[in-house]
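Protein chains: 2
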Amino acid sequence: MKLVECVPNFSEGRRKEVVEAIVDEIRSVEGVKLLDYSMDPDHNRAVVTFIGEPEPAKEAAFRACRKAAELIDMDKHKGEHKRMGATDVIPFVPIKNMTMDECVELARSLGKRIGEELGIPVYLYEYAATRPDRKNLADVRKGEYEGLKKEIETNPDRKPDFGPSKMGKAGATAVGAREFLIAFNVNLDTPNVEIAKKIAKAVRHISGGLRYVKALGFELKDRGITQVSMNLVNYKKSPIYRVFDMIEREANRYGVKVIGSEIIGLVPMDALIDCADYYLKLENFDKKQVLENRIWGD
Amino acid sequence: MKLVECVPNFSEGRRKEVVEAIVDEIRSVEGVKLLDYSMDPDHNRAVVTFIGEPEPAKEAAFRACRKAAELIDMDKHKGEHKRMGATDVIPFVPIKNMTMDECVELARSLGKRIGEELGIPVYLYEYAATRPDRKNLADVRKGEYEGLKKEIETNPDRKPDFGPSKMGKAGATAVGAREFLIAFNVNLDTPNVEIAKKIAKAVRHISGGLRYVKALGFELKDRGITQVSMNLVNYKKSPIYRVFDMIEREANRYGVKVIGSEIIGLVPMDALIDCADYYLKLENFDKKQVLENRIWGD
Chain D
1357 MKLVECVPNF SEGRRKEVVE AIVDEIRSVE GVKLLDYSMD PDHNRAVVTF IGEPEPAKEA
1417 AFRACRKAAE LIDMDKHKGE HKRMGATDVI PFVPIKNMTM DECVELARSL GKRIGEELGI
1477 PVYLYEYAAT RPDRKNLADV RKGEYEGLKK EIETNPDRKP DFGPSKMGKA GATAVGAREF
1537 LIAFNVNLDT PNVEIAKKIA KAVRHISGGL RYVKALGFEL KDRGITQVSM NLVNYKKSPI
1597 YRVFDMIERE ANRYGVKVIG SEIIGLVPMD ALIDCADYYL KLENFDKKQV LENRIWGD
Chain G
1357 MKLVECVPNF SEGRRKEVVE AIVDEIRSVE GVKLLDYSMD PDHNRAVVTF IGEPEPAKEA
1417 AFRACRKAAE LIDMDKHKGE HKRMGATDVI PFVPIKNMTM DECVELARSL GKRIGEELGI
1477 PVYLYEYAAT RPDRKNLADV RKGEYEGLKK EIETNPDRKP DFGPSKMGKA GATAVGAREF
1537 LIAFNVNLDT PNVEIAKKIA KAVRHISGGL RYVKALGFEL KDRGITQVSM NLVNYKKSPI
1597 YRVFDMIERE ANRYGVKVIG SEIIGLVPMD ALIDCADYYL KLENFDKKQV LENRIWGD
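Heads up: the protein sequence lines correspond to chains D and G, in order.
For what it's worth, our numbering labels the leading residue of the first sequence as 1357, then goes sequentially.
For what it's worth, our numbering labels the leading residue of the second sequence as 1357, then goes sequentially.
These are calculated hints, taken from the structure and not from any lab test.
Be careful, since some hints might not be right.
The list treats identical chains as one, so a pair stands whether inside a single copy or across any two.
What the hints assert, rightly or not - Below, computed lysine-lysine pairings styled on BS3-like, alpha-carbon distance capped at 30 Å:
id	residue 1	residue 2
1	Lys1554	Lys1525
2	Lys1372	Lys1643
3	Lys1613	Lys1644
4	Lys1432	Lys1525
5	Lys1554	Lys1468
Since this is a predicted model, take the numbers as computed values, not measurements.
Build the full structure now, drawing on both the sequences and the hints.
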C-alpha cells in the first residue's frame, strides 16, 4: 500500500467552527486518516496532519481547500505568521512505498485541479517547483497576501503555475512535495544563550553546518538552561544521531554538557531505528527484521 | 486490536512436505499471518512464527498441532535438539494490546483443548506454568520423548496439566507464554575467545549478570574475531542498550573494542526505539509520537 502524508496549513486559528468544518471535509474521504490538527490564535493559523493512499489524500486536500475558500476571507485575516491564502500551503510527504517523484506528481495534479476548479492561483514549491526561485516557500510567499494581490496581475515572474493571475478573497495556495520534517531540540546545561547560539550556528546549513538542518539557540528561562532548537528537513540525509553527536562535541568545546533532547510532534519509526542502528553499531541490519514491518508492512 | 505471536516448534526438519502440510493448517485460518518458518535437518526440527488476534492464533496452533500428530511418529524421530513431542512446544508472546496474563489464559485454554480433543499430554510452562518446577522448559522436557514415555505413567510429578498420563506416537507438548526473545550478538576485536567468554559470564544472569540475559562466548574463525552471543528473554527489563553498554565497558577492561553487533531474526520496534531514546537522552518521549503507531496503532 502506498502512503502519503499531507500537512495543509489554513489561515484560521481563532474560529473553531471554521477549522472543524475544514477538518470535516478531510474526515469525509474514505481511505484517509486524520492524525492531528491544532490551532494557533496568535498566528491565526491551523495545521492539519492526515495520511492516506495518494488518490484519497489528494481528494481530501482538495475538499479542505474548497471549504477554506468558502469560509475564510483573506481581506479580513490578521496574524503573526506569514501567509498568502485561505489554504496557505499543502505539502505532500512520502511515507511508505512512495517516491518523492510520485509526491511531486500528486502535488502538480492537485494544484491543477485547485487552479481550474476553484479559480485559485497555485504555486508549486520545494520538490514540486517548476522554477528554482520557487523551491523556497518563503520566496513564493514574498509580499504575503496583500503584496502578492497586486504583483500577481502585473509581474510576469509571479504568474502562478495553475489558475488565474488574479487573486480573490481566498488568496493563493502553495502546493508542494517535501521530506518529513522532524522538530528536534537539544538541551544544554548552561544558562549562557551565546553558547547555544554558537552551537546552532555550527550545526545549521545556512552558516556552514549540516545540509538539512535549521537551528536556533534559545534560553529556557524557567529551567535556567539553553536549547538548540532545530528543524531536521531530511532525516535520511542529515540524521538525528549525527546532529546529536555534533552538538555534543561542540558543547564539550565549551565545557558544557548535553542534558537531554526532545522530539516535538511526530517522528517516523525509521528515524529512530537509524539511531539504534548507529549507536549499537549493528551489522547488516535490515528493516524487514522489525516485527511491525512484517505485521503491517505490505 | 489485540495481537499475539505464536512460535510453535515441530519435530520435523527433513521432510519438507510434512512441514508444508503443517504450515498450510496455519495459513488456513483467517485472521492469522504467517511471518516465517524454517527447517533444520540436523536438529530435525521446524520453527514456525505467526501472528494474529488471540482466538484465530489459538485455532491455528490447534490445527497445526493436530496435523503434526497425524504426520509425525516420535518413535522414528532422531535429531540433535531435545524434544518430547511431534508438536514440541507452543509459546504465546504478547505483542500488542495483550497482557502476559491474557497469553497465559490463551495457553491454558489451548492446552486444555489439545489434551481433551487430541489426547496428547500437555505441560504448561514459563508464565503459564502451574508449578514452579515447570517454569523452565528444560525441566519439563527432561528425559525427552523416550524417557518421559515411561515416567509419565508411573511418576505423579510428571502428570500432565491436561490430557492423559500416557503418551502415543505424537509424544507430549509444552504450551506456554513468554516474552519476545531477541537474539543479539556483540562482536569483539580480539581473536582471544577467553575474553569473549569472560564478558559473557559478566553479563549473563546465571553467573551474576543481568536478569534476562543468556550469553555465551564464541570464536568467529573466518573473521578472526570473537563474539558474545546472547538471547535477551525480556528486552523491557534487560534492554538492548544496557547489555550493549555493559559489554563495551567490560571489553574496555581488556583493551578490546566492540566492532559491531547483530540482531538475528525479528525484533520489536519498541526494543530499538528504547535504544534511540536512551542514547539521544530524550525527555518525555511518548511512543504515540511514532508516526507508524498513529497510522497502525488502533
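Taking the hints in turn, this is what the structure says about them:
Taking identical chains as interchangeable, the C-alpha atoms of Lys1554 and Lys1525 are never at most 30 Å apart, the minima being 43 Å within one chain and 75 Å between chains. Proximity of Lys1372 to Lys1643 under the C-alpha cut-off of 30 Å is restricted to the inter-copy arrangement: shortest distance 28 Å between copies versus 41 Å within a copy. In this assembly of identical chains, the alpha carbons of Lys1613 and Lys1644 lie at most 30 Å apart only when taken from different copies (28 Å versus 36 Å within one copy). When the C-alpha separation of Lys1432 and Lys1525 is checked against a cutoff of 30 Å, the pair qualifies only within one copy, where the shortest distance is 9 Å, while the shortest distance between copies is 84 Å.
Taking CA atoms no more than 30 Å apart as the test, Lys1554 paired with Lys1468 passes in neither setting, with 44 Å inside one copy and 67 Å between copies.
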